[in-house]
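With chain W's structure known, arrange chain P on it following the hints.
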Amino acid sequence: MIDWQILGSVLSDAIGAAIAAIGFSVISNPPRRAIPYTALLAAIGHSIRFVLLQFTGLDLASASFIAAFSIGMLSLLAGSRIFCPATVLYIPALLPMIPGMYAYRTVFSLIKFLQSSGNDSEAIHYLLEIFKNGITTASVLFTLGVGATIPLFIFYKRAFTMTRAAKRSKK
Amino acid sequence: MKIPFSFVSALAFRYLCSSKKNGQYYNKVNNVHEELKAVSQFLTEYATCLMASGVHTSRIVRNTARIAESFGFEAHMTLFHKTIIMTLRSKDNSHVYSTVNTAKAGAINFEFNSELSALSWDAYDNHLSLDTLWEKFRAITSTPRLNDWVVWILVGFANASFCRLFNGDWIAVAAVFIATLVGFRIKQELGKRHINHYFVFTISAFFASLIASVTMWQQWGTTTDIAIGTSVLFLIPGVPLINGIIDIIEGHVLAGTARLINALLLIICIACGLAATLLMMGGKLL
Numbered sequence: 001m002i003d004w005q006i007l008g009s010v011l012s013d014a015i016g017a018a019i020a021a022i023g024f025s026v027i028s029n030p031p032r033r034a035i036p037y038t039a040l041l042a043a044i045g046h047s048i049r050f051v052l053l054q055f056t057g058l059d060l061a062s063a064s065f066i067a068a069f070s071i072g073m074l075s076l077l078a079g080s081r082i083f084c085p086a087t088v089l090y091i092p093a094l095l096p097m098i099p100g101m102y103a104y105r106t107v108f109s110l111i112k113f114l115q116s117s118g119n120d121s122e123a124i125h126y127l128l129e130i131f132k133n134g135i136t137t138a139s140v141l142f143t144l145g146v147g148a149t150i151p152l153f154i155f156y157k158r159a160f161t162m163t164r165a166a167k168r169s170k171k
Numbered sequence: 172m173k174i175p176f177s178f179v180s181a182l183a184f185r186y187l188c189s190s191k192k193n194g195q196y197y198n199k200v201n202n203v204h205e206e207l208k209a210v211s212q213f214l215t216e217y218a219t220c221l222m223a224s225g226v227h228t229s230r231i232v233r234n235t236a237r238i239a240e241s242f243g244f245e246a247h248m249t250l251f252h253k254t255i256i257m258t259l260r261s262k263d264n265s266h267v268y269s270t271v272n273t274a275k276a277g278a279i280n281f282e283f284n285s286e287l288s289a290l291s292w293d294a295y296d297n298h299l300s301l302d303t304l305w306e307k308f309r310a311i312t313s314t315p316r317l318n319d320w321v322v323w324i325l326v327g328f329a330n331a332s333f334c335r336l337f338n339g340d341w342i343a344v345a346a347v348f349i350a351t352l353v354g355f356r357i358k359q360e361l362g363k364r365h366i367n368h369y370f371v372f373t374i375s376a377f378f379a380s381l382i383a384s385v386t387m388w389q390q391w392g393t394t395t396d397i398a399i400g401t402s403v404l405f406l407i408p409g410v411p412l413i414n415g416i417i418d419i420i421e422g423h424v425l426a427g428t429a430r431l432i433n434a435l436l437l438i439i440c441i442a443c444g445l446a447a448t449l450l451m452m453g454g455k456l457l
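First to last, the protein sequences are chains W and P. Here the first sequence stands for residues 1 to 171, where the numbers follow the numbering used here. Here the second sequence stands for residues 172 to 457, where the numbers follow the numbering used here.
Be aware that one or more of the hints could be misleading.
To be verified - Chain P stretches covered by chain W per the calculated footprint, using a threshold of three residues with CB under 8 Å from any CB of chain W:
1) 266-280
2) 313-323
3) 333-344
As the list claims (entries may be wrong) - To be clear about the criterion: a stretch of chain W counts as covered by chain P if any three or more of its residues have a C-beta under 8 Å from a C-beta of chain P, and this derived list gives those stretches:
4) 23-35
5) 79-86
6) 92-105
7) 142-155
For the record, the hints were derived by calculation from the structure and aren't laboratory data. Note that the Cβ used here is the ideal one computed from N, Cα and C, for glycine as well.
Looking at chain P on its own, in the form it has when it is part of the complex:
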């Protein structure tokens, strides 16, 4: 009598699985794997959110690894400007789960930076469950930004007082105030439409400096050059500049260089917008 091998092996497999000890083993493997998967889903979401809100690289790495540690896992990650590669593994190194996630585009958001960092300590100290983490994460990321119009008027005042710091006269201060309001409104409106932000920076620098240059061809006041010079300064990308420096010093040289190049390009865009105004004013500048 011939018994097919597959039949025998199926029986044997079923026998092995049904024996109590082995069954537990298979369940445990599955459980660990499922847990790694679920945690890594949260962690990549968390890390990309931090990346979008303008946090320097080593803080992202530390925060993420800290949450992983509260589950008893180790997280190791590589961060590039556009992607995150993360491997999550159990402490005994026998289970590994890797993910690659694309960074989301988003505006710089310091509130996310500090609240999400606090969340990582909360998870570490209180061993929050994954569901609670998701809940808190969603609560934090759904907090609205400051009102657009409030920001708009405050930036106007900021740039105007900046002009005053450079010893501009009051006519220049007023001109910079109006120029900033127009320029920043253009930036906000174009930003909402997700237009390429190099283009957005060039256009808003151009219009801001154009309005400030009215003082020059009308010859209002004596510090017209200060008015034109300060009118575009609200665009300076301070966050990527400083984050780039921090990243490079901490050894994340590639990520830091990417940030610095990004900031440099934005500064060149501002200079181009300003240059366009200066060229249009050509004769008056001499």
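Next comes chain W alone, as it looks inside the complex:
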């Protein structure tokens, strides 16, 4: 039996990611034909991460890595269909996975740490918060970038001949 609630939450997650990816991609003025593919990649990637986090107990960084890797692979496929470099597709598609709340909490606890003069136990608490959130932010950012880039090196030749228009009839 399909669990409709789970399916619904995955679907709403995918739609949210797609809208976010469209918005973040138009900032960097992509070719119009790339926008739907970016949205699709972001939706697939983000829901992969969502499922991994919810049902397999994987940590955020590893789940992000797997999701980013799949986005990178799919961007190679999609890129050769529409003659776009892979980076054009996957950079905006990764952005909905940026660990924004961890980054926010890092800044927040940094300020609280600076203000907690004279109270050591409070200072230690916020120091721990800075490290916890800061390390999560940095490692997720790093795995996102590296994970999506690895397919580019595996299929090196394909990655840079994608914009070759030998078979493209007329733009």
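Below, chain P alone, put in the same frame as chain W:
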């Protein structure tokens, strides 16, 4: 009778040049040199345009070398964050032309990235002439960007749905939507006036988070921290971050490090803008 040496040598030179074989030789030297010059003018223009539109280093190098190859030349280049040093030489290595060009400032533009890459393959496959290349290059670089207001509203929706992804409630989503619209408009307006973009990032992060923090001191909703946290995320410099990683892995370590440091500074600016809001909210945060 004394004949001045200069007169003799001038005569001899004229004789040598006018003999058919040598004349061709001098013409050929000039032609190759002129051609190298013309091609390298195009290539540096092309490469700096790619640099400004946010393309990772090895793609710039490959694209440029590919166009050079279609003319039968070799292009070798060094790319730094602000300058391009390029040497163009003929295949037999007897003619060399070097240029240094300063990178233009410009907004990230993925359309240039993909269309100019396609142009380089077009040149390689069809051996386009230099005039056609210039024509196509100008046609590509003069395509207008997406309408500012369309981008503006889409970014608003994007950041709002981002807030939803972090499980913010609908009040937080609405707050983030408005905060993003204000913050992004400030960024667009200041960006048009060519103000230092570290300053632009700090100011827009500050105003975006300030508006989102209204939910906190009015105590609207239960996820006010998510509202404040997501309101600044539209500023994240994703392109230099990822390009920096790609560059470093591909061995362009200096260029990649420069990009990463640039991205890091922008992130610090965002954090400063956010921190200013948090400090102003001081008492309420406890």
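**OP:** Kindly indicate which numbered hints from before are broken by the structure, ordering the numbers from low to high.
**Re:** The structure breaks none of the hints.
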